[in-house]
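Okay, here's what each chain looks like letter by letter:
Number of protein chains: 2
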Amino acid sequence: MTLTLSNIDYNISPKFRAGVLGGTGTVGQNLVLLLANHPWITVVAIGASERNAGKRYQDVWRNCRPCPEVVKDIVLWDALQDKKKFITGDLDLVFSALDSELAVQVESDLAASGLAVFSNASSHRGDIDVPIVLPLVNPGHLELVKIQRFYAKSGGYIVTNSNCSTAGFVTALKALQDAFGVDSAICTTMQAVSGAGNPGPHWNQIDSNVVPYIPGEEEKIENETKKILGKLPVSAEQAPALDAHTCAAEKNTGKETDGSTSVEHQDERPPLSDASSSTSGRGTVCAVYGKIHGIIPNDQIRISASVNRVPVVDGHTMSVSVKLTKPPLDENMKLNTSAIEEAFENFTFSIPDMDKLPVIPSKFIQVFRSLDEPQPKFHSQIGNGMTVSIGKVRACSVLDVKFTLVVNNAILGAAGGAVANAELAIASRILL
Amino acid sequence: MTLTLSNIDYNISPKFRAGVLGGTGTVGQNLVLLLANHPWITVVAIGASERNAGKRYQDVWRNCRPCPEVVKDIVLWDALQDKKKFITGDLDLVFSALDSELAVQVESDLAASGLAVFSNASSHRGDIDVPIVLPLVNPGHLELVKIQRFYAKSGGYIVTNSNCSTAGFVTALKALQDAFGVDSAICTTMQAVSGAGNPGPHWNQIDSNVVPYIPGEEEKIENETKKILGKLPVSAEQAPALDAHTCAAEKNTGKETDGSTSVEHQDERPPLSDASSSTSGRGTVCAVYGKIHGIIPNDQIRISASVNRVPVVDGHTMSVSVKLTKPPLDENMKLNTSAIEEAFENFTFSIPDMDKLPVIPSKFIQVFRSLDEPQPKFHSQIGNGMTVSIGKVRACSVLDVKFTLVVNNAILGAAGGAVANAELAIASRILL
Numbered sequence: 003m004t005l006t007l008s009n010i011d012y013n014i015s016p017k018f019r020a021g022v023l024g025g026t027g028t029v030g031q032n033l034v035l036l037l038a039n040h041p042w043i044t045v046v047a048i049g050a051s052e053r054n055a056g057k058r059y060q061d062v063w064r065n066c067r068p069c070p071e072v073v074k075d076i077v078l079w080d081a082l083q084d085k086k087k088f089i090t091g092d093l094d095l096v097f098s099a100l101d102s103e104l105a106v107q108v109e110s111d112l113a114a115s116g117l118a119v120f121s122n123a124s125s126h127r128g129d130i131d132v133p134i135v136l137p138l139v140n141p142g143h144l145e146l147v148k149i150q151r152f153y154a155k156s157g158g159y160i161v162t163n164s165n166c167s168t169a170g171f172v173t174a175l176k177a178l179q180d181a182f183g184v185d186s187a188i189c190t191t192m193q194a195v196s197g198a199g200n201p202g203p204h205w206n207q208i209d210s211n212v213v214p215y216i217p218g219e220e221e222k223i224e225n226e227t228k229k230i231l232g233k234l235p236v237s238a239e240q241a242p243a244l245d246a247h248t249c250a251a252e253k254n255t256g257k258e259t260d261g262s263t264s265v266e267h268q269d270e271r272p273p274l275s276d277a278s279s280s281t282s283g284r285g286t287v288c289a290v291y292g293k294i295h296g297i298i299p300n301d302q303i304r305i306s307a308s309v310n311r312v313p314v315v316d317g318h319t320m321s322v323s324v325k326l327t328k329p330p331l332d333e334n335m336k337l338n339t340s341a342i343e344e345a346f347e348n349f350t351f352s353i354p355d356m357d358k359l360p361v362i363p364s365k366f367i368q369v370f371r372s373l374d375e376p377q378p379k380f381h382s383q384i385g386n387g388m389t390v391s392i393g394k395v396r397a398c399s400v401l402d403v404k405f406t407l408v409v410n411n412a413i414l415g416a417a418g419g420a421v422a423n424a425e426l427a428i429a430s431r432i433l434l
Numbered sequence: 003m004t005l006t007l008s009n010i011d012y013n014i015s016p017k018f019r020a021g022v023l024g025g026t027g028t029v030g031q032n033l034v035l036l037l038a039n040h041p042w043i044t045v046v047a048i049g050a051s052e053r054n055a056g057k058r059y060q061d062v063w064r065n066c067r068p069c070p071e072v073v074k075d076i077v078l079w080d081a082l083q084d085k086k087k088f089i090t091g092d093l094d095l096v097f098s099a100l101d102s103e104l105a106v107q108v109e110s111d112l113a114a115s116g117l118a119v120f121s122n123a124s125s126h127r128g129d130i131d132v133p134i135v136l137p138l139v140n141p142g143h144l145e146l147v148k149i150q151r152f153y154a155k156s157g158g159y160i161v162t163n164s165n166c167s168t169a170g171f172v173t174a175l176k177a178l179q180d181a182f183g184v185d186s187a188i189c190t191t192m193q194a195v196s197g198a199g200n201p202g203p204h205w206n207q208i209d210s211n212v213v214p215y216i217p218g219e220e221e222k223i224e225n226e227t228k229k230i231l232g233k234l235p236v237s238a239e240q241a242p243a244l245d246a247h248t249c250a251a252e253k254n255t256g257k258e259t260d261g262s263t264s265v266e267h268q269d270e271r272p273p274l275s276d277a278s279s280s281t282s283g284r285g286t287v288c289a290v291y292g293k294i295h296g297i298i299p300n301d302q303i304r305i306s307a308s309v310n311r312v313p314v315v316d317g318h319t320m321s322v323s324v325k326l327t328k329p330p331l332d333e334n335m336k337l338n339t340s341a342i343e344e345a346f347e348n349f350t351f352s353i354p355d356m357d358k359l360p361v362i363p364s365k366f367i368q369v370f371r372s373l374d375e376p377q378p379k380f381h382s383q384i385g386n387g388m389t390v391s392i393g394k395v396r397a398c399s400v401l402d403v404k405f406t407l408v409v410n411n412a413i414l415g416a417a418g419g420a421v422a423n424a425e426l427a428i429a430s431r432i433l434l
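Chains as they are written, first to last, in my numbering: chain A, 3 to 434; chain B, 3 to 434.
Check the hints yourself; a few may be wrong.
Same chains, same label: a pair holds when it works inside one copy or across any pair of copies.
[What the hints assert, rightly or not] Capping the alpha-carbon separation at 20 Å, the derived lysine to any residue pairs in SDA-like fashion look like this:
1. K325 to C398
2. K336 to E221
3. K336 to R304
4. K17 to S186
For the record, the hints were derived by calculation from the structure and aren't laboratory data. From a predicted model like this one, the values you see are computed outputs, not experimental measurements.
Required output: the full structure, derived from the provided sequences and hints.
Quick look at the structure:
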């Protein structure tokens, strides 16, 4: 076992064969659109609900863009009943855009059968051995799949991308953390209707209205941000040896510890988990030298989110205030907002040439210096939906700095995030 | 001169004769609707732009509700050219819904001519001797008109109501301040299009979009909130004597000081003022025993606002986080959110029987305990638009408490606020 992320190679052939679960929903269709002419990946199977199983994909397609030629004749499988077809279908990987309730078991079963699962569902994001990866922010967390592989022994694993709002928010926080350190952040979201999937809310509930509630969303933003900004349990240098030998010995004795015994995890907060962890039988913990083999969330950063659904078709907008550890000051000891804009603008790859991953944009963050930008209607397609737009950087008289952020919830915050993770796994030879 | 607000009497007759400036705009029409069948006030004159002067009011009426019978035949005056008609028109008071640029001079001239001006314009809100009054929050600030009367010698004065967002925000903060003390607050607004007047933004700019900018709005929310939560410069007991004697002596010697010499105003922030103060010749300061004769803003409270325009017809929504001086805790030392809900619910009149003022509702704040309320579409008409809706009270992991607030921007935040101020002035015998 070698250090995966130091083996990056962008020359990939032949193509990887992929299945898409939940291919008829909003995220599923976006996945297919992103993969239709992908240089490294070919979609060969699409799963849908029982109602649509057996139909040709183009006959259930409902999108403002036409159904891609290369997938239009694929006959849909039942994502639940035809699970074995995915397992025995000679697939290299599966993308999951399933509803979270379905995703819990289906994704676990597919991973246990040896498949690499790249999931947009929230079901397994809280599992201690499942990483939430944003290649722009925490590519190294992909290494966590080694833990999963070790336990599953099948070679399969689950990699998740974050909640849609989190994708934009954590990108901004990571840029600030690298440059100035982040103490705490308050964000208010104004989220697009497309984030609620199809058909989404009833017209009279959302037209000319603001709905200050999206189930589970505030907790997702707060917890996922801390996990993404957290650290791997052991250093990269130690990981292979520990995985191969020490953990194996532990496993054979049946010894397990929970996160509360972790030396590096002494506060009162339990390790990230959700109801689905136990349901799915995932979340196994291996203690080595008092360390848990899962991401250690960054509980030093305090996050408070208030979420709202607004009558916008695409693009989530957020008003964010952040307290920095070392805020940049100008000669008058006022906040140096230019330094913060530069930190956003200069936020770049932690992996060389990462924009050779097909969906990764050359610029992670587009900075606006006008009074009234960014706006979701006009800026959510920058970088083909993979670039975060940030503007209105100004001093906050309660914390340190405030700004407005727009993230494409359907691409960076969903389908694009999942595809980026698969690309990273392919280029880093985690997916062979 | 007596203490005005101790002389409250709700038996009013005969009716007061009012003019409405800017009567054809959104706020102006709402003023006329509120005054059409008012028990204490009769609209006898309406001012409009030069374009509409000379027309009958019903011929320029554009509102989803019909033009009230009692005003439909009023022939419009030119708010600028016919200023003398308002001055000599036997009016007891004038409501101003003028654009701020026009309001600066017109309102000053009318006040200097002896008229009581109740203005929704922002032009004079920063003037040191002009109060921003919300009868629900700071009725006592109405006493500041005594300072204006003293200097003008005409008996005229200007009373403003707050910015639309501020009206809801400061009501919530006042309830919290009274119960627990407020250290600081961060608010993100999602403001309705009606707040931009008629015709407001272009459709393509706001449909399915969020615009994170409203000129001057963030500064208004921050500064007006501090002024409304500020205090009168001298105690009510001292005020009459100081006004009549000490200030007069000072005035005769031509001595003036600015706020920076004030003993009670030692921080770096200059006293509230805006460009219009000097333009209008208002904002005169009289120093008595080192005190300024204007509201002393509450600069102890730190406020940070982020404003957004959203595609909503009516009703401003705000996500608010507040740090309390003494947060209520339960037996587990967690935030006692029920105590905060009760503080909102119990927030009541500082003046006995104040709901005998015709537009004042019996309940200032309606508390919601459901997951997804309040919402602007369904809750901005509570209390005929004069009640603030608050819900989703929960702990904030960065400050102390967060909640969602809906305020009717057109009524409590504009026309209703101005009418309430006039009613308070009438009932307290400030307007005779």
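Task: Hints not upheld, ascending by number - done: 4
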